[in-house]
Each structure stands twice: as C-alpha cells, then as structure tokens.
Amino acid sequence: MKRTFNRVTITLLSLLTLTWGVGQVYRDVTWLTGLCFYVPSPVVAGGWMSVAVGSAWRRRRRFAGLTLVMALIPLAVICVRENSFVRSATPTSTSPTLRLVHWNVFRGHMGWDEIQQRLAGERADFYLLSEIPDGASLEELTRLRPDAGESQWFRIGIMAVWGRGTIEDLGWLLKTREAKVHLVRWHSPQGPVKILAVDLISDLQVHRDPVIQQIHRLIEEHQPDIIVGDFNAPRESLALSKLPSGFRHAYWTVGNGWSYTWPVPVPMFALDQCIFGSRITPRDYELKTSGLSDHRLGVFAFEVRGGGDTMGGEQASAEASK
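Residues 19 to 340 (my numbering) make up the sequence shown, in order.
If you are wondering where the hints come from, they were derived from the structure by calculation, not from laboratory data. Be aware that a few hints might be false.
As the list claims (entries may be wrong) - Label-pair distances were calculated between CB atoms; the ranges are:
id : residue 1 : residue 2 : range
1  : R25       : T194      : 44 to 52 Å
2  : T194      : W75       : 49 to 57 Å
3  : S113      : A74       : 47 to 55 Å
Glycine is no exception: its CB is placed at the ideal position from the N, C-alpha and C atoms.
With these hints in hand, go ahead and build the complete structure from the sequences.
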C-alpha cells in the first residue's frame, strides 16, 4: 500500500511538473497555456524537495538525488526568473523622495480601522487601495496623518486614492468586467504625476494577455508616470515582461527579496504591480506582509524629474491657447 501511494505521488507530481513546464515555456500566450503558467513554482519545488527529504530519510539515496535534481529546476526559476535576491544599486540622492503605497485590502475583512492605522504608519504621500469595503471612506486615514497638511481622497469604484495636495480625476480609460483602468493627476510636492490605477478581474476563465495588451495601448496613448494596482496576473506574464518603451517595473529596478504578493500568509504569485515611466527616478521598492489582507502591500520611493506638466496633448494645447 505504501509503495502504491509513493508511485501515485510521484506520478501526480510529475504531471504537475510537466504542466508547470509548459507554462514556463509558453507562459500565457493562450488561455490554456496561461492555466499551466499559473501553477506556482514554489509548489513544484516544494513537492520535489519533500520527496527528496523523505527518500533520504528512508535511505533511498539514489532516488533522493534524482528528485533533488527535479527540485533544482523550479528552484532556479524562483531564484533567477521570478525573484531577485541581490539588492539593486541606486545612486545616492540628497533630494527628498516621495512614497507611494499600493495595497489590495481584501474588502477590509480583517478590520478597516486597523488597515487605515497600518497605512498611516507608512507615512506615504500617495495611496492607491484596491478592494475597499462598500461605503468605506479614508477620512480616518486623513485624521491619522495630520503631518500631511492639505490632502484629498476619493473612490474609484472598488479602488480609492489618497494623496498629499490635490488629485485631479481624469476619468475612466477602461471600464469592463475584465478591467477597470482609471487615470488621475496627482499634484505632488514635486510637481504633477499622472497615475494609472489598474484593477483586473481574478476569474481564471478570462485570458489575461489580451486585457493587458489593452492596457499597453492606454499606456502608449496617455504616457502616465506610474501604473499601479492589482493586475491579477504574474509579473512574468508575456505582456508584463515586455512593457512599452520607456517603462520599467519598480521591483526589477530597485526591489529585491520575495516578490510574490498573494496569497498571504504564503504568497506564491506576484499579482500586484508597480510600473514607472521616464519622468520618475526610482529609489526603493519594498513589499511588506501584513495579517490585515490576503495581499502584501507595496511601497515605492521615487523622485519626479523636472516637475514638468504631464497633461495630455489636447489639454496642454488648450491651456497654451488661453
């Protein structure tokens, strides 16, 4: 019976690894390969490591060595392709940095007041929250940040923004079942910053690549300074690994460590993204774990180059003609 159980375990683990391998090669080029791509690398690596340890315990050293080799393949992907464990070097600066926090707060199920207190503790200059509770406001966050001076907040569907200074609502760019994409202009202490707030559907029946390609086109058209939100797609998805010209991931540029953001307490998918354009000088990007949500929160420290306007062409022309 025990030998049969071991054979079944190895067979299932081999099939899982084969599925994972197809996903690693083709990623989410189609909906079906996307499902293969969503098999988490840590699960595959952990499965083979468990078998290797169990085999070594039973003194089956040759088989333990073979299964350890099988574990090394997903481990290499985890360490090289999906995560960066070496701190990216950034030039020192004496200029003050701005801090942006983005966080999916899980509808506030773990305590909305506690979430706002956690956010206030970050002392950020701008916040983008996803999945805020129905009817919730950020007034408590405003009261908790008296040091921020003038501030403004408003809801965007199930998202909300809060920032020091003022925020212009530039409206929806995409509002479908699959994707919610909203544009705001934040008048930061270092000048205007155009921010694209993104929230994509979590339904596995939806093929992510065409949806993210739509966001690519919006980025190219509107040239935001920062694109941030819950993409519900891994950072190594095809469309996210090939960003429009001039845009980079905050994590790959100035971040390091365990990059996965969901599900807490054992995150295995990097679903929450922070992307920046040429007007932004990145300084630091950190992902933090909190028991107040099933997502980790991201903190992006940056500077704004030049402080020039980021108005779209039509509005800039209208302003110039006045």
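Tested hints:
{"no.": "1", "hint": "R25 with T194: 44 to 52 Å", "verdict": "holds, 47 Å"}
{"no.": "2", "hint": "T194 with W75: 49 to 57 Å", "verdict": "holds, 52 Å"}
{"no.": "3", "hint": "S113 with A74: 47 to 55 Å", "verdict": "holds, 54 Å"}
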